[in-house]
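Residue strings, one per chain:
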Amino acid sequence: MSLIDWFAARRKDQFVGKVSQDTDEGDGLWVKCSECSQVAYRKDLISNCNVCSNCGHHNRINSDERINIIADKNSFEEFDRSLSPTDPLGFKDRRSYADRIKESQAGTGLRDGVVTGICSVNSMPLALAVMDFRFMGGSMGSVVGEKITRIIERATLENFPILIVCASGGARMQEGMLSLMQMAKISGALKKHKEKNLLYMPLLTHPTTGGVTASFAMLGDLILAEPKALIGFAGRRVIEQTLREKLPDNFQTAEYLLAHGFVDVIVKRKDLKDTLTKILKIHGVKELAKTNI
Amino acid sequence: MAKRYLLDFEKPLVELEKQIEQIKELARDSEVDVSQQLLQLETLAARRREEIFKSLTPAQKIQVARHPQRPSTLDFVQMFCDDWIELHGDRNGGDDMALIGGIGSINNRPVLMLGHQKGRDTKENVVRNFGMAKPGGYRKALRLMQHANRFSLPILTFIDTPGAYAGLKAEEQGQGEAIARNLREMFGLKVPIVATVIGEGGSGGALGIGVADRLLMFEHSVYTVASPEACASILWRDAAKAPEAASALKITGKDLLKLGIIDEVLPEPSGGNNWAPLDAGNTLKEAIEKHLNALLQMPEEELIEERYKKFRVLGKFIEANNIEEIYSEIPQKTE
Ligand SMILES: [Zn+2]
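As they're listed, the protein sequences go chains A and B.
According to my numbering, the stretch in the first sequence is residues 406 to 698, in order.
According to my numbering, the stretch in the second sequence is residues 32 to 366, in order.
So that you can see chain A by itself, here it is in the shape it has in the complex:
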């Protein structure tokens, strides 16, 4: 078995395995919702896009699952799979960065925290970058920055709209200032995309924070968010420490950001593809001939 095949197989396994992590009810047939405690048949939960049928809680999903929801069947063509992180600073805290990378790679079958490519959405082309929170909390290092920049550049060149699904704890501290600079690099690429009057949408999912919020997550022509997703620049605890007062319960939720003018529309996961289709159509994105993708 080649390593790529091994990764592919592993990723397929992860598809189902993930649910149990979020619902801590083991690997059985049944899963308990972490919000409302309703017990559901695992297969039903998965077929409902990992959204609780009782309370509507959106469980975290991985990049594969997200792509399957958005892309037309078999239309997703992945780019830049061959990019892997390195350890530019020789960083070691309680553990070495090199070990953390290996562990995350083995656990996810991914090389780093974002999957990029082009797909079709009801036959319309869409450049896609999907962050995967499983990989070191979706933190943004050089690989994440480079892959997102490349897909934006590709979309700019080929006049494609872009969707970036954000899920990130922020910058990857283990890469020091190189990770901060990815914020600028990606924003620069988005500038060129915007200047060609092409459409860019981030989809903010749980959680979208720190350096990602202070760059591409907030630069959308239209900004979409999943219900109840945590979205913010600074951490809640940091703010509580500075203010020494209690913050509103819905602070930094998608609904809170919507009320303050920083999100255009909150989209339920099961409506995501329909909503994207409508938006792309309204913005004049032409259907591709089937052979193009």
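What the hints contain is simulated information worked out from the structure, not anything from laboratory work.
A quick note: this is a predicted structure, and the numbers were derived from the prediction, not measured.
Worth double-checking, as some hints may not be accurate.
Derived, one-sided and incomplete: chain B residues facing chain A with beta-carbon distance under 7 Å [unchecked claim]: (1) 115; (2) 197; (3) 280; (4) 308; (5) 345; (6) 346; (7) 350.
C-beta: ideal position from N, C-alpha, C; glycine also.
With the hints as your guide, set chain B with the ligand onto chain A.
Relative to chain A, chain B with the ligand alone:
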């Protein structure tokens, strides 16, 4: 001169300075000639200071960078130009005193200058919010930069902030959005931008005025993705490990020059910029002149393209189709 604020690693100098003061006082009250002794002690003190400051650890550099008497944005502005006019307001209901800007000229060249502004004491810092700008500050900065763009004024930015302000109002008003917009829009400005980290470069709050054609840093300034304190409490689960984090994060000018992130490290007088602010001013003024002269030769499109490329190449990664070459041990371990 006001009483100098001493950092803990400067304490070995305290005794010497006390002696120097005592001798000076003695000399004032008597006819004794102490010039020889004084010269000796002062030379010794200068040498000690130089030794200490030549081998500062990253954690010590942070202390220098945060020194309350370190020259601030407004100090440099004052040293650079006589015709400075500070401009206020984000045109959206506020004027952030932690991020200031205005117009003036340096050697007869009109420029826009803006930067974070810290206070020297608690009272000033209440007004300046310790140099932590709110969304309105970043929006004011963008407004001024777009103004400079229309009137062909080169932009000089001075970075000196622990970070963008973390607060309820700041979140409500879109701290992330304000910084993000600056990052994107600074890539489109047709005038040269020279940014200098004069003190503390704290994360996104620094970068929010830091997309530039040239990025300079003073010798004891630091620029970091996250404060070593925050980094230590997250990665080490122990805020007391901040000095270790400061070393690991590679935050000094020398480190960042090596990583290709900054263009030049500006030397500081022995003892740091707070010891000889005028020297620091001259150093920075000369550096800015040099870089502006080069940048003003470039056609607008080239300037913008070069700025893009400067950031485009940042990042270190491996690109190899065959992952076995790199991580050959992974399958054996886990299968
Ligand atoms: Zn539920």
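Given hint residue 350/B near chain A, where the shortest CB pair must fall under 7 Å: 5 Å, holds
Hint validity - residue 346/B Cβ closer than 7 Å to any chain A Cβ: 3 Å, holds
Proposed interface contact between residue 197/B and chain A, which counts if any beta carbon pair is under 7 Å: 3 Å, holds
Hint validity - residue 345/B Cβ closer than 7 Å to any chain A Cβ: Where the cut-off is 7 Å and the nearest Cβ of chain A is about 4 Å from residue 345/B, the hint holds.
Residue hint residue 308/B, partner chain A, criterion CB-CB below 7 Å: Since the shortest Cβ distance to chain A is 27 Å, the answer is violated.
Interface restraint verdict for residue 115/B against chain A (beta-carbon cut-off 7 Å): 28 Å, violated
Hinted contact residue 280/B with chain A - closest CB pair below 7 Å: With Cβ-Cβ at 5 Å, under 7 Å, it holds.
Consistency with the previously given hints fails for numbers 1, 4, ordered from lowest to highest.
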